[in-house]
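The task is simple: from the sequences and hints, build the whole structure.
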Amino acid sequence: MGDDPAIIAKRKCLKCDLPAAYYSQNPKQAVYCKQCFINMVHHKFSYVLGKNRIFKDGSSKDVLLVWKDSLPDNFLLETVKTGVNQDVHKRLEAQPQVLVILESAQTEQLKAEYEKALKRKDELNMPWQWNFIHFCEVFKQDIEFIYDEPTIDQGKASVLKYLFGKASAKNDRLEFKRLLTELLIYRAAKALKIEKVMVSDCAEKTAQNSFDALCFGRGSSISQLTAPVDSRFPTVSIIRPLREIYDAEIKLVLRLESLLNDFEEIKIDQVQLKSSKTVQEMNVEFLSKLQASGFPSTLTSVVSTSSKIRAPPNSAAINSCCLCYEKCESIDYCPACDRLLKAIPSFPDELRSFLSTLAK
Numbered sequence: 001m002g003d004d005p006a007i008i009a010k011r012k013c014l015k016c017d018l019p020a021a022y023y024s025q026n027p028k029q030a031v032y033c034k035q036c037f038i039n040m041v042h043h044k045f046s047y048v049l050g051k052n053r054i055f056k057d058g059s060s061k062d063v064l065l066v067w068k069d070s071l072p073d074n075f076l077l078e079t080v081k082t083g084v085n086q087d088v089h090k091r092l093e094a095q096p097q098v099l100v101i102l103e104s105a106q107t108e109q110l111k112a113e114y115e116k117a118l119k120r121k122d123e124l125n126m127p128w129q130w131n132f133i134h135f136c137e138v139f140k141q142d143i144e145f146i147y148d149e150p151t152i153d154q155g156k157a158s159v160l161k162y163l164f165g166k167a168s169a170k171n172d173r174l175e176f177k178r179l180l181t182e183l184l185i186y187r188a189a190k191a192l193k194i195e196k197v198m199v200s201d202c203a204e205k206t207a208q209n210s211f212d213a214l215c216f217g218r219g220s221s222i223s224q225l226t227a228p229v230d231s232r233f234p235t236v237s238i239i240r241p242l243r244e245i246y247d248a249e250i251k252l253v254l255r256l257e258s259l260l261n262d263f264e265e266i267k268i269d270q271v272q273l274k275s276s277k278t279v280q281e282m283n284v285e286f287l288s289k290l291q292a293s294g295f296p297s298t299l300t301s302v303v304s305t306s307s308k309i310r311a312p313p314n315s316a317a318i319n320s321c322c323l324c325y326e327k328c329e330s331i332d333y334c335p336a337c338d339r340l341l342k343a344i345p346s347f348p349d350e351l352r353s354f355l356s357t358l359a360k
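Quick note on my numbering: the sequence shown kicks off at 1 and runs consecutively.
It should be emphasised that the hints constitute simulated quantities derived from the structure, not laboratory data. Don't take each hint at face value.
Distance windows between CB atoms, simulated [to be verified]: (1) Asp17 with Arg339: 55 to 65 Å; (2) Ser297 with Gln129: 35 to 45 Å; (3) Glu329 with Ser297: 43 to 53 Å; (4) Tyr147 with Cys16: 46 to 56 Å; (5) Ile152 with Ser46: 53 to 63 Å; (6) Glu350 with Gln129: 33 to 43 Å; (7) Leu18 with Glu329: 53 to 63 Å; (8) Arg339 with Ile309: 36 to 46 Å; (9) Ser330 with Ser297: 29 to 39 Å; (10) Leu214 with His43: 38 to 48 Å.
Beta carbons are placed, not taken as given, at the ideal position from N, Cα and C, and that holds for glycine.
What follows is the structure, given as structure tokens:
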């Protein structure tokens with residue numbers, strides 16, 4: 001993906017007669033002019049919503065957009081903004097709110113994180129409600145949103161540090177944080193009485209979800225973790241409208257639409273590989289190498305195939321896991337989550353009971 005003239009080779013745009021200037025994952029098949037490239041990427045977003053009838057059939061128009069200050073998060077906000085500002089025939093019939101998850105455990109860092117989110121709110125310039133919440137709220141019976149100066153519950157923060165510090169491997173810490181983030185998003189949406197949540201999982205992230213699920217013994221959840229609409233949680237659907245859009249496409253569109261001041265410093269290519277040895281990062285590395293080594297459809301194939309995989313019917317799986325909400329035979333936790341909790345030495349019994357109580 002990019003704008004290399006040698007690859008474009010003076011061809012014309014696939015969609016119109018203008019000279020091509022940009023290409024996506026397979027430049028042998030398609031090259032585009034500037035506007036057609038932008039339209040192609042935005043169409044992927046609209047297609048996911050339209051095919052799955054997200055705002056059709058009289059369903060609620062309220063939707064919660066999750067923002068954690070990443071490029072895909074910003075792209076999601078800008079794309080929804082463009083959609084709701086269209087003329088009446090093309091308008092995205094949505095009534096968005098934004099959920100900002102703050103994670104800093106130090107007061108000064110938290111204030112800086114909060115101010116950055118407020119700045120992004122002003123830049124977006126849309127009359128949407130922004131809901132701020134700290135990650136530690138996941139451990140509270142009744143979650144509270146931040147309306148004024150952000151503060152940290154030191155007791156809950158210490159629990160968080162203890163759990164992430166005691167996990168036997170970084171792999172488990174990352175997986176546990178992913179599960180807690182999903183749980184917090186679900187609880188926040190439930191508190192706001194919103195049935196639809198949009199997350200910014202792009203093609204790379206969604207394909208990684210598939211491989212991570214296999215590595216952590218979550219094969220039965222693979223379709224939910226990669227599907228356009230994740231329906232594990234009661235009354236709340238997690239929507240992935242960017243699941244077919246590549247990270248490099250997001251970066252290129254943001255640059256073309258002049259939405260990032262510092263974007264010129266970001267290289268437009270596949271995911272940059274790291275030397276870290278976590279399971280999650282090795283999966284990213286493996287997928288990226290395939291994508292860059294002559295298999296341009298790797299990510300889309302993984303995403304498409306994974307979302308169609310279903311576990312055999314199990315009449316005994318009548319309970320929902322208290323952490324991941326996947327159907328299981330156990331009363332409290334599925335085998336994958338139970339293994340994860342046991343990987344944390346001296347995991348507090350009261351916290352295990354608390355998570356169980358929340359799910360009831």
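*Does the hinted range 43 to 53 Å hold for Glu329 and Ser297 at CB?*
violated, 37 Å
*asked:* Quick check: does the Cβ-Cβ distance between Arg339 and Ile309 fall within 36 to 46 Å?
replied: Given range 36 to 46 Å: violated, Cβ gap about 21 Å.
*asked:* Range first: 35 to 45 Å. Now tell me if the beta carbons of Ser297 and Gln129 are that far apart.
replied: Given range 35 to 45 Å: holds, Cβ gap about 39 Å.
*Could you tell me whether the CB distance from Ser330 to Ser297 stays inside 29 to 39 Å?*
Since the Cβ atoms of Ser330 and Ser297 sit about 38 Å apart, the hinted range of 29 to 39 Å holds.
*Is the distance from the Cβ of Asp17 to the Cβ of Arg339 consistent with 55 to 65 Å?*
Since the Cβ atoms of Asp17 and Arg339 sit about 58 Å apart, the hinted range of 55 to 65 Å holds.
*asked:* Within 53 to 63 Å: is that where the Cβ-Cβ distance between Leu18 and Glu329 falls?
replied: holds, 59 Å
*Could you check the hint for me, namely that Leu214 and His43 are 38 to 48 Å apart, CB to CB?*
Violated: the Cβ-Cβ distance is about 31 Å, outside 38 to 48 Å.
_Verdict for Tyr147, Cys16 (Cβ pair) under range 46 to 56 Å_ = Since Tyr147 and Cys16 have Cβ atoms about 49 Å apart, the given range 46 to 56 Å holds.
*Could you check the hint for me, namely that Ile152 and Ser46 are 53 to 63 Å apart, CB to CB?*
violated, 40 Å
_Range hint compliance [Cβ, Glu350 to Gln129, 33 to 43 Å]_ = The hinted range 33 to 43 Å holds for Glu350 and Gln129, with Cβ atoms some 34 Å apart.
The earlier numbered hints that this structure contradicts are 3, 5, 8, 10.
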